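Visitor: So you can see what is in the structure, the chains are spelled out below.
There are 2 protein chains.
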Amino acid sequence: MSFKLKTVILITACAFTPVAATLAAGNGEPIQPIPAVRVSNPAAVELGKMLFFDPRLSKSGFISCNSCHNLSMGGSDNLKSSIGHGWQKGPINAPTVLNARFNLAQFWDGRAADLKAQAGGPIANPGEMAYSHELAVNTVKTIPGYRSAFRKAFGSDEVNIDRLTQAIASFEETLVTPDSRFDRWLKGDKKALSSEELAGYMLFKDSGCVACHNGPAVGGNSYQRMGVVEAYKASSPAEGRVAVTGKDADRFNFKVPTLRNVELTYPYFHDGAANTLTEAVDTMGRVQLGRKFSADENARIVAFLKTLTGKQPSFAMPTLPPSADATPRPQPFN
Amino acid sequence: MSFKLKTVILITACAFTPVAATLAAGNGEPIQPIPAVRVSNPAAVELGKMLFFDPRLSKSGFISCNSCHNLSMGGSDNLKSSIGHGWQKGPINAPTVLNARFNLAQFWDGRAADLKAQAGGPIANPGEMAYSHELAVNTVKTIPGYRSAFRKAFGSDEVNIDRLTQAIASFEETLVTPDSRFDRWLKGDKKALSSEELAGYMLFKDSGCVACHNGPAVGGNSYQRMGVVEAYKASSPAEGRVAVTGKDADRFNFKVPTLRNVELTYPYFHDGAANTLTEAVDTMGRVQLGRKFSADENARIVAFLKTLTGKQPSFAMPTLPPSADATPRPQPFN
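Chains as they are written, first to last, in our numbering: chain C, 1 to 334; chain U, 1 to 334.
No lab work stands behind these hints: they were computed from the structure. Take these hints with a grain of salt, some might be off.
As the list claims (entries may be wrong) - The calculated BS3-like cross-link candidates involving lysine-lysine, where the alpha carbons are at most 25 Å apart (straight line), are: (1) Lys-116/C with Lys-190/C; (2) Lys-306/U with Lys-141/C; (3) Lys-141/C with Lys-152/C; (4) Lys-191/U with Lys-306/C; (5) Lys-152/C with Lys-116/C; (6) Lys-306/U with Lys-89/C; (7) Lys-187/C with Lys-205/C; (8) Lys-152/C with Lys-89/U; (9) Lys-141/U with Lys-152/U; (10) Lys-152/U with Lys-306/C; (11) Lys-152/U with Lys-311/C.
Since we're looking at a predicted model, the values are computed, not measured.
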């Protein structure tokens, strides 16, 4: 009784997630397979890949997008909070860039409307890459290899922040992880999941997790309060969505993270406080659903979650075009 | 007269480089093409590639081998000196890992006999990755994906520092850059170089650069004093080979760096003081050869040096096996 009531509250709170509609879609499951990527501008993707790996977009010449969204590590840094310029401690856990295109907005508080808007953030954040858009553009435009890549991608060799962030976003849009075992199950391969994993999925649905973790990304499509039933004592100072809307009701509301590849994206929550999936499932059960999962139930849900690991993006590491004599040199120590 | 005398002094100083023998080899050129790689243990190479990219070999979980020997940037970090744990400023410029297998020893002072011995250095250096061999082994051995990779590479899943560094070295041995335009010229394609580039090579030989920069790596096979004719005022506190031999005569003797891919491995010298090839050629001419190259001569040599950029290693970025619940978590801030 108590549990059902809480589920209803949660569903009601899902302003951005028409759960009923989602449930009705496709084969009736609230989670859909990751759709295939269609690349419309391959030259922009190639350029964006170079920029994503290029630490020259940071003041130090040491930090690239890939430093905190490491594509060898589930698109995350596997740190509680990230390390920025001068070894500054970031205020929040770096979300994965994998399948980020499915998010309703970017950052934990949704302050960037899309991947392009997001890409400009860390470059200019004094606690992250500590550069500026102007300096990043001025650096990139001196590099002949980049100018020709901009020409291929955009028809002229003009470098500006709009094109630069568009190219990074074009690359990031390709970072999807199809063909997880769960997706194969969704598509009809009933042998793709073990009975324990399937039982975990049933429990995931029945206990209400799916109210917020649904859609192709199994999350990413709504903001929710962290700590619905029980208060959550975060180790991060971040207050979530209120920073964007200014509404007190949005305090401690965060974007629901995707659970795709969650096996790879530890530690968990906006404050990175949960080191393991077992801890994360336990905490979520308690603070969001008012439910204490037994060890068996927890293990079952964890087994299901691990079936969400998809095919990781695979591509040759880009060779970055060398700086020219005129290229500004990194300033890591001043 | 003065110049010839200095060349003789340089050649005499080349204790580790039988220049005459080198000159007599092959087609009579003092530089030989990069030989092809033969991989004897592909599973060890794959394991080593994962370890090379894995920041869990550092205390912070943020610094991997690739942080300072970035394979997107000529196997270097393109910084004057590297950034270590806690944003410490390294004492010396990070040498490229590309073609490092051809070096007579590793590090600028040659303190590691080979790549395997080198690989253990940064992991345990408090100013670099700031971990220890024991902690690195204890971390890796908790990761199931690594245990199976060790089994494939070495026949059992035992993880120890000997195997760990051997695997990294096995990967690094594959990091060669064949098929540069200069190598194509060496192999008989006379159209591979422009007349300016060829003139640059002739000047490189005639002016004595080749006394130390010879062999397949165009360097890496001898120790030489930095500042033969003129004293060199280094911005680095490193004193070179004396740290290994204890002999005062070895003070400011450094391993001659490879010039392969030198277009990509700026800034130059053990102290990273030269930002551009033009500066580097000018300084080398003055302090090693007592020669002031004219602007035209300098440009010609630089044009030749850029023909030494070979085919960069190309492979899919590895997907790192996820940590298990028992894996120690990184400690970036304490």
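Visitor: Which hints from the list above does the structure break, by number from lowest to highest?
Guide: Of the numbered hints, 1, 4, 6, 8 do not hold.
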